[in-house]
Amino acid sequence: MAAADSPSAALRRDLCSRGIRLAGKMRADVVDLLDAYVEQQGLDASASVAAVEGVPLAAVERWDEQTGTQRLLENLAAYRAFRALLAQMLEEQREQLGEADAGLGRALAAVLLQVSAFTYHLEELLRLESRGIPGEEEEEEDGPPPPPRLSLFEQKLRGLGVLRELAQWAVRSVRDLRQLAKPSPATGAAPGLAESP
Amino acid sequence: MPVDNFLGKGQLSTAAKPWLSDLSQLLTSSQKDCEPPVCIERIVLLQEAFAVCSWSMTGEYEPRHHNIRMLLARSRPQDLLFTSPPKEPVLMCRSNNYPKGFYCSWHLPTPTYIPNSFNISVIHGTKDMVCEKDAIPKNRCHIRYLQLFSTVKYKVTLTVTNALGKNFTTLTFDEFAIVKPDPPESVVAKPVPNNPRRLEVSWQNPSSWPDPESFPLKFFLRYRPLILDQWQHVELSDGTSHTITDAYAGKEYIIQVAAKDNDIGTWSDWSVAVHATPWTEEPKHLTTEAQITETTSASTSSFMAPPTTKICDKGAMVGSGAMAVCWTAGLVVAAYSVLFI
Numbered sequence: 000m001a002a003a004d005s006p007s008a009a010l011r012r013d014l015c016s017r018g019i020r021l022a023g024k025m026r027a028d029v030v031d032l033l034d035a036y037v038e039q040q041g042l043d044a045s046a047s048v049a050a051v052e053g054v055p056l057a058a059v060e061r062w063d064e065q066t067g068t069q070r071l072l073e074n075l076a077a078y079r080a081f082r083a084l085l086a087q088m089l090e091e092q093r094e095q096l097g098e099a100d101a102g103l104g105r106a107l108a109a110v111l112l113q114v115s116a117f118t119y120h121l122e123e124l125l126r127l128e129s130r131g132i133p134g135e136e137e138e139e140e141d142g143p144p145p146p147p148r149l150s151l152f153e154q155k156l157r158g159l160g161v162l163r164e165l166a167q168w169a170v171r172s173v174r175d176l177r178q179l180a181k182p183s184p185a186t187g188a189a190p191g192l193a194e195s196p
Numbered sequence: 000m001p002v003d004n005f006l007g008k009g010q011l012s013t014a015a016k017p018w019l020s021d022l023s024q025l026l027t028s029s030q031k032d033c034e035p036p037v038c039i040e041r042i043v044l045l046q047e048a049f050a051v052c053s054w055s056m057t058g059e060y061e062p063r064h065h066n067i068r069m070l071l072a073r074s075r076p077q078d079l080l081f082t083s084p085p086k087e088p089v090l091m092c093r094s095n096n097y098p099k100g101f102y103c104s105w106h107l108p109t110p111t112y113i114p115n116s117f118n119i120s121v122i123h124g125t126k127d128m129v130c131e132k133d134a135i136p137k138n139r140c141h142i143r144y145l146q147l148f149s150t151v152k153y154k155v156t157l158t159v160t161n162a163l164g165k166n167f168t169t170l171t172f173d174e175f176a177i178v179k180p181d182p183p184e185s186v187v188a189k190p191v192p193n194n195p196r197r198l199e200v201s202w203q204n205p206s207s208w209p210d211p212e213s214f215p216l217k218f219f220l221r222y223r224p225l226i227l228d229q230w231q232h233v234e235l236s237d238g239t240s241h242t243i244t245d246a247y248a249g250k251e252y253i254i255q256v257a258a259k260d261n262d263i264g265t266w267s268d269w270s271v272a273v274h275a276t277p278w279t280e281e282p283k284h285l286t287t288e289a290q291i292t293e294t295t296s297a298s299t300s301s302f303m304a305p306p307t308t309k310i311c312d313k314g315a316m317v318g319s320g321a322m323a324v325c326w327t328a329g330l331v332v333a334a335y336s337v338l339f340i
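For the record, the sequence lines run as chains A and B.
Position one of the first sequence corresponds to residue 0 (numbering that gives the first Met the number 0), numbered consecutively onward.
Position one of the second sequence corresponds to residue 0 (numbering that gives the first Met the number 0), numbered consecutively onward.
A hint or two may mislead.
Reference excerpt, derived from the structure (chain A facing chain B, CB under 10 Å, subset only) [as the list claims (entries may be wrong)]:
# : residue
1 : 48
2 : 53
3 : 56
4 : 58
5 : 61
6 : 164
7 : 166
8 : 168
9 : 178
I should point out that these hints are in silico values taken from the structure, not numbers from a laboratory.
Note that the Cβ used here is the ideal one computed from N, Cα and C, for glycine as well.
Produce the complete structure using the sequences and hints provided.
And the structure:
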């Protein structure tokens, strides 16, 4: 007979479940946004975009070996970066097109809102584990200096790269949260984040 | 008797074709397949022509002269196999064991009738990856994922070469796009006792899917009575069982299940079909009052009324006089009447 879950384990599982739903919805909206973005920016959907500085890559080696803490921290860093990148895209969009493409602007804003909500959700999970949440100011100090202003075409390509990576991150986040929600095989309670998955 | 001589450079007959001149390559390839004493002479077939190659008394393998018209007259058209350079191969890549890796398999659309060699290369971004050939089947190799969640595409190039030429094909895809599980296994459909419109269906995750807990599958169930062509569909986001509640009573059903990763990729092929018929009530035989009284217990001396009369209360009587009937008895009689219509 499995041991009863502790309250914090049950809360973590609940937060993970909600996070999975958030990430799933976010991914669906990002995929739709990506299609609209490609069409309205006149881009080729199959174009390869080189990794752009500042865009967090979802690709990871030995994903199955990551600890819970690593997963949460990497997710948090990524979505904070996406929050800033999407805000920048929204601003550029408004400068370029004004009100001419309000639909795309609204879709971008909606995704930005979801990214912000998911970021907060990740912070909640970290707080639950009494882990210190890395300050954003700290990260910015260590981060690279702001890149020079890009041309219009470069902005469009970077936007494509941002949305593609965000879509991948949304899938990765669902997988990460499923790993976090797994009960520990020994006690039946959810594992501590410092433990291996 | 003049003999048509079409072999060798500078000795082409009117029946010869210009491309016969490059015979040395063909000799090399055909010699490997002709070992004395099992094989003494081999007819190397080209497009629309022949070269007869055989072992001489001095142990050399060389082309011989031959009469084409005689050979063609002796042969049935269907026996003439024309060797050819390879056509563009057909290549397919798929991940049925995500996130472990993926495999690629290939074949030629038409046979060449001479040995072919295949070479496959896999590139992920700038990185070359090794595709390990499977022992069985021979036209397949597999690759382990070194990274997950990458936006960089995979590029697979397959080159096929034989003595007469080469060809190739290239496939480019995303990590997620080729994810396609194998069909669900052990599909079972059973009737539900006392439920004429229900069927209970259960199945298992495909055994090739390595981690269904971390990478859960969702399922698509389809079912129809054998007598109809139209399928009913149900999509199930979790669990490996489902109860059909709208089956037609007494009709045999055919049921299949497909699987897909919850988040990425495409649906599997349909599972093996299973058949089931919903539960039906056994027809009951009518009994006379005498038979009922015979079977009732004889332990008491007083008469025991048959069951149908026991369920009647005085307050539930309908009608009056000799035709008075209680509600419940009336329902029983009505039910039996419907059964025998």
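Hint by hint, work out which the structure violates, then give me just those numbers in ascending order. Violated: hint 2 alone.
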